[in-house]
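**Student:** Using the hints, position chain S against chain Y.
Protein sequences appear in the order of chains Y and S.
3 is the number of the first residue of the first sequence in the working numbering; add one for each residue after it.
75 is the number of the first residue of the second sequence in the working numbering; add one for each residue after it.
Read the hints as simulated data drawn from the structure, not as lab findings.
A quick note: this is a predicted structure, and the numbers were derived from the prediction, not measured.
Among the hints, a few may not be true.
What the hints assert, rightly or not - With a cut-off of at most 30 Å between alpha-carbon atoms, the simulated DSS-like pairs for lysine-lysine come out as follows:
1. S/K175 <-> Y/K65
2. S/K538 <-> Y/K65
3. Y/K12 <-> S/K415
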Amino acid sequence: MKNSSYPFGKRITWVLFFVLFFLHQDFWWWDESTLVLGFLPIGLAFHALFSIACAFLGWVAIKFAWPHHLEQFAEENFSEGSEKR
Amino acid sequence: MTTLIVIIFYLCLLLGLGFFSSRSFRGTSKDYFVASHSIGPFLLLMSVFGTTMTAFALVGSTGKSFERGIGTYGLMASISGLVHAGIFFLVGIRLWAFGKKHGYITQIQFFRSRFDSDGLGYLLFPILVLLVVPYLLIGIIGAGKTIEPVTAGAFTEIFTNPSAPQWLGGIPSWLTGLVVSLVVLTYVFMGGSRGAAYANTFQTIVFMVMGLVAFVYIINGLGGLEQAGKVPARINDNGMLVQDYNFDMKLGELQKNDPPKPIGKVLNSTISDLSNKQPHLSRTPVLIEFKKKNPKTGEISVFERELGIPFITFVSYFFIPLSVGMFPHLFQHWLTAKSAKAFRLTVIAHPLCIMVVWVPCVLVGAWASGVLPPGIPPPAVLSAMLKLLVGDPVLTGLLTAGVLAAIMSSLDSQFLCLGTMFTNDIVLHRAKTRKYSDKQIIMIARTFIVLIVTLTYVLAMWAKDANVFDLAIWCFSGFSALFPVVFAALYWKRATKQGVVASIVSALLSWLYFFHLSGYGGEMVVGPGIIPAAVCFMVATIALIGVSLLTKPPSEETLKKFFS
Chain Y
3 MKNSSYPFGK RITWVLFFVL FFLHQDFWWW DESTLVLGFL PIGLAFHALF SIACAFLGWV
63 AIKFAWPHHL EQFAEENFSE GSEKR
Chain S
75 MTTLIVIIFY LCLLLGLGFF SSRSFRGTSK DYFVASHSIG PFLLLMSVFG TTMTAFALVG
135 STGKSFERGI GTYGLMASIS GLVHAGIFFL VGIRLWAFGK KHGYITQIQF FRSRFDSDGL
195 GYLLFPILVL LVVPYLLIGI IGAGKTIEPV TAGAFTEIFT NPSAPQWLGG IPSWLTGLVV
255 SLVVLTYVFM GGSRGAAYAN TFQTIVFMVM GLVAFVYIIN GLGGLEQAGK VPARINDNGM
315 LVQDYNFDMK LGELQKNDPP KPIGKVLNST ISDLSNKQPH LSRTPVLIEF KKKNPKTGEI
375 SVFERELGIP FITFVSYFFI PLSVGMFPHL FQHWLTAKSA KAFRLTVIAH PLCIMVVWVP
435 CVLVGAWASG VLPPGIPPPA VLSAMLKLLV GDPVLTGLLT AGVLAAIMSS LDSQFLCLGT
495 MFTNDIVLHR AKTRKYSDKQ IIMIARTFIV LIVTLTYVLA MWAKDANVFD LAIWCFSGFS
555 ALFPVVFAAL YWKRATKQGV VASIVSALLS WLYFFHLSGY GGEMVVGPGI IPAAVCFMVA
615 TIALIGVSLL TKPPSEETLK KFFS
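Pulled out of the complex, with its shape left as it was, chain Y reads as follows (with noise of 0.2 Å):
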């Protein structure tokens, strides 16, 4: 579990998050309430979309930030590995 250097895939997701994070709080239109499609009001509209791109980033967070030295760690031998039951 090295860390040496802080990965660029790793940077953006932190990036892409931190960008989520501030528009999570769409202060915006907070006391608008036009209906989008004629049912929708915008205030959770905005947050539904908000919730497809959360799916998105855990996608580039898998593709670009996956902790593949996590698996190796957990499937080596481990001396203590049988000290728990």
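**Tutor:** What follows is chain S alone, placed relative to chain Y:
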């Protein structure tokens, strides 16, 4: 009566699934507790999602949206999509790796090993139990509140003391709670964590499908999507909150109120022009005065409710979903994963699943403000809407089974994890190797589960009128205050056992302090509108960092086990 038969049929189906999963049970304690690390991506997604979505998601979100409007979604659902997925990725996979490598079954085993401290386990165990119990309570309370309205009229001569006059003859909370507890207990008893994973998967599919079906029927009942958008309560030119429509049950359709029916009066708001605004469709805070009639005495009382959500409160809700990082039942689900790759589907699909469940619930809650009386208990809003708008008893039964599915898919994991922790962290921890056989270990876990179910049931009957959403927020607040501990354990080599103990104690004391101030489970904010979870989290973080830096760093040998 037909509705009840459908619900009973569903519960029997679940018991059948319990028998099925018990046939694939391998008889070992490892299989009982973590399904021998054999759960693949789909079952993991369904069990993790089913576990995190409880009465809170269906019953609580609809009720909260009825009270505060569509801001409920951003408050809990969309931020959870971001934070939960992040935690599965950053915390879940790492804990799975350590669990698989070092053979941990419970969170406490990990913390004991990471910080070289037995005492830490004895400190953490009662705190985790204390925080899981409110989570269990909301399940039992939510189930009771759901069944009574939809079975109203079924047993008018037996159940003569309903919680509201219109629900006369409905199955009372005490009976629903008892049946739900026994069903969950039975299939957890038989199949352990594998049984819970199968049952969770089945129930998660049921509640997602039924939720969507309910949504479609409610939309039809309200006269279509566009019409539904016009239904929520509106503020008129005189500053009164009015309902423009009512649902005529005989005709089975929405009727216009002429003149609109006043249900409340605006007392205060941050914006001046509220004329024709539907406060449930935006997040502007508006204080409204309502009146409600006591169903038993007929006495009229006045109560105030703030619609909308203050911005600072909304931002500080970020701290609530951090709680999943410390849920002991989720830790156990993570450990059932066959490989790290099994997490991939969960990381991507979890926010989407949240959206599929929460968007309809939040919309139904906002629409309900236009057709239900404002004094109705928030946890009963969803079932009252089903009863009012769906009509067909078979369908109502199926939809109610969906709500029960969401509730039970969380209860099972929580019961199981408490049994697992008690057995492994308390009973077996000090026992000599091979003192107990696998059969005895499973029996100890099962006995503790029975005790916890009994305790939960008694407490749920005592707190049967608690607000499901608010009680859940208190439970999550406690777990989120413990989040710095798990994050530091995984990512900060300099964290010490003294720092962790200080953090846990500070988290507990600050949480108890605010919980007491809230009147044991009420809605509460601090200062300009910050939720207590944010304050507890900060206090716990400062204690962790401060005390860790002042005490001796952990040994190289310990660090090697986790950071080599």
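**Student:** Against this structure, judge whether each hint is valid.
**Tutor:** Now for the hints, and whether the structure bears them out:
{"no.": "1", "hint": "S/K175 <-> Y/K65", "result": "24 Å, holds"}
{"no.": "2", "hint": "S/K538 <-> Y/K65", "result": "47 Å, violated"}
{"no.": "3", "hint": "Y/K12 <-> S/K415", "result": "18 Å, holds"}
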